[in-house]
Amino acid sequence: MRTALLVVCALAAVARADAPVPKKKTPDKFARAAADAFTEALAADEKGDLRTALGLYEKAQAIAPHPSTAYNIGDVYRRLGKPKEAILHFEMYLAMLPAAPDRAYTEQLIDKLVHTPGTILLRTPPKSDPEAVSWKEFYILVDGEIVAKPGTDAKVEPGSGNEPAVALKVGGGRHAIDLVSSISYAHADCKVDPGASEPCHVRAKPRVDGHLVVRSSDSWIDVFPPGRKDKDHGVSQDRVEVPAGKYRMPVRDRTYECASVVVEVPGGANDVAYLWIGTTEYRGFERCRVLDVKQQKLHFAP
Amino acid sequence: MDLVRTLALALLVSSAGPALAGPVPPPTPVRKPVPAGMTAEVIKQFAQAIVYDKAGDVEEAARAYDKANEAAPFAATFYNLADVHRRMDKYRDAIQEYQKYLELAPDAPDKAEVARIIDQLKHADFTVVLQGKEPGAVVFLDGKLLGPSPQIVKLAPGSVHAFDRISPTGHRHGHYEAKYDQFARETLDDWSARPKKEGEPPGNVVLSASGEFGTSGSWVDKDTGIHFEFPGRQFLPPGHYSTFPWNDNRLCVPIAFDVPKLPPGSTDVLYVYVDAKAEPTHRTCQPATIRTQIVKVGPL
Numbered sequence: 001m002r003t004a005l006l007v008v009c010a011l012a013a014v015a016r017a018d019a020p021v022p023k024k025k026t027p028d029k030f031a032r033a034a035a036d037a038f039t040e041a042l043a044a045d046e047k048g049d050l051r052t053a054l055g056l057y058e059k060a061q062a063i064a065p066h067p068s069t070a071y072n073i074g075d076v077y078r079r080l081g082k083p084k085e086a087i088l089h090f091e092m093y094l095a096m097l098p099a100a101p102d103r104a105y106t107e108q109l110i111d112k113l114v115h116t117p118g119t120i121l122l123r124t125p126p127k128s129d130p131e132a133v134s135w136k137e138f139y140i141l142v143d144g145e146i147v148a149k150p151g152t153d154a155k156v157e158p159g160s161g162n163e164p165a166v167a168l169k170v171g172g173g174r175h176a177i178d179l180v181s182s183i184s185y186a187h188a189d190c191k192v193d194p195g196a197s198e199p200c201h202v203r204a205k206p207r208v209d210g211h212l213v214v215r216s217s218d219s220w221i222d223v224f225p226p227g228r229k230d231k232d233h234g235v236s237q238d239r240v241e242v243p244a245g246k247y248r249m250p251v252r253d254r255t256y257e258c259a260s261v262v263v264e265v266p267g268g269a270n271d272v273a274y275l276w277i278g279t280t281e282y283r284g285f286e287r288c289r290v291l292d293v294k295q296q297k298l299h300f301a302p
Numbered sequence: 303m304d305l306v307r308t309l310a311l312a313l314l315v316s317s318a319g320p321a322l323a324g325p326v327p328p329p330t331p332v333r334k335p336v337p338a339g340m341t342a343e344v345i346k347q348f349a350q351a352i353v354y355d356k357a358g359d360v361e362e363a364a365r366a367y368d369k370a371n372e373a374a375p376f377a378a379t380f381y382n383l384a385d386v387h388r389r390m391d392k393y394r395d396a397i398q399e400y401q402k403y404l405e406l407a408p409d410a411p412d413k414a415e416v417a418r419i420i421d422q423l424k425h426a427d428f429t430v431v432l433q434g435k436e437p438g439a440v441v442f443l444d445g446k447l448l449g450p451s452p453q454i455v456k457l458a459p460g461s462v463h464a465f466d467r468i469s470p471t472g473h474r475h476g477h478y479e480a481k482y483d484q485f486a487r488e489t490l491d492d493w494s495a496r497p498k499k500e501g502e503p504p505g506n507v508v509l510s511a512s513g514e515f516g517t518s519g520s521w522v523d524k525d526t527g528i529h530f531e532f533p534g535r536q537f538l539p540p541g542h543y544s545t546f547p548w549n550d551n552r553l554c555v556p557i558a559f560d561v562p563k564l565p566p567g568s569t570d571v572l573y574v575y576v577d578a579k580a581e582p583t584h585r586t587c588q589p590a591t592i593r594t595q596i597v598k599v600g601p602l
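As given, the protein sequences belong to chains H and U, one line each in that order.
Numbering follows the working numbering, with no gaps: position 193 of the first sequence is 193.
Start counting at 1 in the second sequence, then tack on 302, and there's your number in the working numbering.
The following block holds chain H by itself, in its conformation from the complex:
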């Protein structure tokens, strides 16, 4: 691809030569210095010395920015296993060369990198801490979806050192993690970049009662179970006691009314209703944002 880019640049230069424009002057000192660094970077790149190549490409880019340099930096980052930086430089390439002949290919490459899963390593304090999580007792949910049922245990994972962790493969970005056991509840927001591995620490109070867990993707979204009418008493990230039954629960996003949700709260001692309300929209919209509502019934063995 790098060779192809150089060829494209050469062809572009030929095409420009046909046009009636003044002759180009000798490259200035910056273009010359950048070209020297680029050539040296290319040699290091060909030899597989990616760290040296990266430094030299970045030097060339800092002296005189060029789309080919941005592309090659992205490509080195890709091969170094750093998708986030690779995405940035491939986007830079497209922004610098909007008519790039390999635009579609580069966009596919970016898309693939964006969707490279990251790993969240859930960790908890040792058992000397009363809020340490006993993993086997908990459902684990990511953004409202069950990813592990009770019985899952932590183990030593790549990248987690000697500390046991529960590894969750997720897309890059921020994720809402919920842990629900028959007697407790905990939540955390964990962020990971594409292809990266990030620890996320969770603690759970030993006892949190209730047959309903409400989890909003941000604390501005409130749900009003029966008996909670005032905005200050809405539930956004909590486990609460609600008598068994089917309810229409009002939902509020900041001070905006949203469509209410119908939730069936189970009566059994070993069942919990889980309600997820998420949004990816920007918080400044002057309306209730578009909400993603999911419900789960969590059953625990007696």
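Do not take every clue at face value.
Derived lysine-lysine pairs resembling DSS-like cross-links, with alpha carbons at most 27 angstroms apart [unchecked claim]:
id, chain 1, residue 1, chain 2, residue 2
1, H, K84, H, K112
2, H, K246, U, K435
3, H, K112, U, K356
Chain U is nowhere near these chain H residues, computed Cβ spacing over 10 angstroms in every case [as the list claims (entries may be wrong)]:
id, residue
4, D36
5, L80
6, P101
7, Q108
8, I146
9, T152
10, N162
11, P164
12, A244
13, P250
14, G267
Everything labelled a hint here was simulated from the structure, so no lab data went into it.
Since this is a predicted model, take the numbers as computed values, not measurements.
Each residue gets a CB set at the ideal place from its N, CA and C atoms; glycine is no exception.
Put chain U on the given structure of chain H with help from the hints.
Same frame as chain H, but now just chain U:
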């Protein structure tokens, strides 16, 4: 009447000249590429903004364009920032940034197109959120049922409208003149001015009227002695009703309607809408059309 805006905030409708009213451009991104002459550091912020924008984080995208502009202002950066703000519904910011783009790039080949976008944003339809507190409510705009609360409506600049929100427990009516706020909300919580007595049902009939009619109050019909609340919600036994508001000639036709016999426990409501095109005067009556419909409100 209490919901009619009185705060003059005519910033977005004050410009003179021919206007292109109507919807703003669709919320799809339109971005300029990196212009010539940008340094590597500024290009990095510019590209970072695009990455954030494509990931859906428009706030961070706007911040990154701002940083790029702080380091070195470029027309393309202002254009892209305006594009982000347009999609964030921040029209005032977007207009300023599009204008800055034209200022920095006076010979831009798309200057006519950008001027058109500015004009559209200045004269965009108003967005109003119709909402309230009580769950299970339905919302009406100008006598037409829109659906369950909340509803978001687009209103042409300068137009006058009537809203009704009917909940299982009450009703709220409001007027709105679309000339003050580009984005507004009408919180139509149940009317609190006339609280119901303990155990009193919320009523099976709602009387309402167009925004142009704009008159409210109550009267006792001189023939039947029935007390009518206008606009309002009240209980009326099944039967035929016909009454002139305030027993005078404000309307050319009586408000006439039939209250049906509903099964016990029904939460249905008869909605009666007086569609008049102007406020009544003491001299001449106003022509009007009376429209009625049964509305389902309430339980799961």
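Now for the hints, and whether the structure bears them out:
Distance hint between K84(H) and K112(H) is fulfilled; the C-alpha atoms sit about 11 angstroms from each other, no more than 27 angstroms. Proximity of K246(H) to K435(U) is assessed by CA-CA distance (about 20 angstroms); at most 27 angstroms being required, the pair is judged to hold. Proximity of K112(H) to K356(U) is assessed by CA-CA distance (about 14 angstroms); at most 27 angstroms being required, the pair is judged to hold. At the 10 angstroms boundary, the C-beta of D36(H) stays outside the reach of chain U, the nearest C-beta of that chain being 16 angstroms off.
For L80(H), the condition that its CB be more than 10 angstroms from all CB atoms of chain U holds, with the nearest at approximately 18 angstroms. Distance check for P101(H) against chain U: the nearest CB is about 15 angstroms away, which clears 10 angstroms, and the non-interface claim stands. With 10 angstroms as the threshold on Cβ separation, the claim that Q108(H) sits away from chain U holds: the shortest Cβ distance comes to roughly 14 angstroms. Annotated as non-interface, I146(H) keeps its C-beta farther than 10 angstroms from every C-beta of chain U; the closest such distance is 24 angstroms.
Every C-beta of chain U lies more than 10 angstroms from that of T152(H), the closest at about 30 angstroms, which supports listing it as non-interface. Every beta carbon of chain U lies more than 10 angstroms from that of N162(H), the smallest distance being close to 34 angstroms; the non-interface claim holds. With a least CB separation of 32 angstroms from chain U, P164(H) remains clear of the 10 angstroms interface cut-off, as annotated. Every Cβ of chain U is farther than 10 angstroms from the Cβ of A244(H); the closest lies at roughly 15 angstroms, confirming the non-interface assignment.
Not every CB of chain U lies more than 10 angstroms from the CB of P250(H), the least distance being 4 angstroms, so the non-interface label is violated. A cut-off of 10 angstroms between C-beta atoms confirms that G267(H) is not in contact with chain U; the least separation is 17 angstroms.
This entry does not satisfy hint 13, going by the numbered hints stated previously; all others are met.
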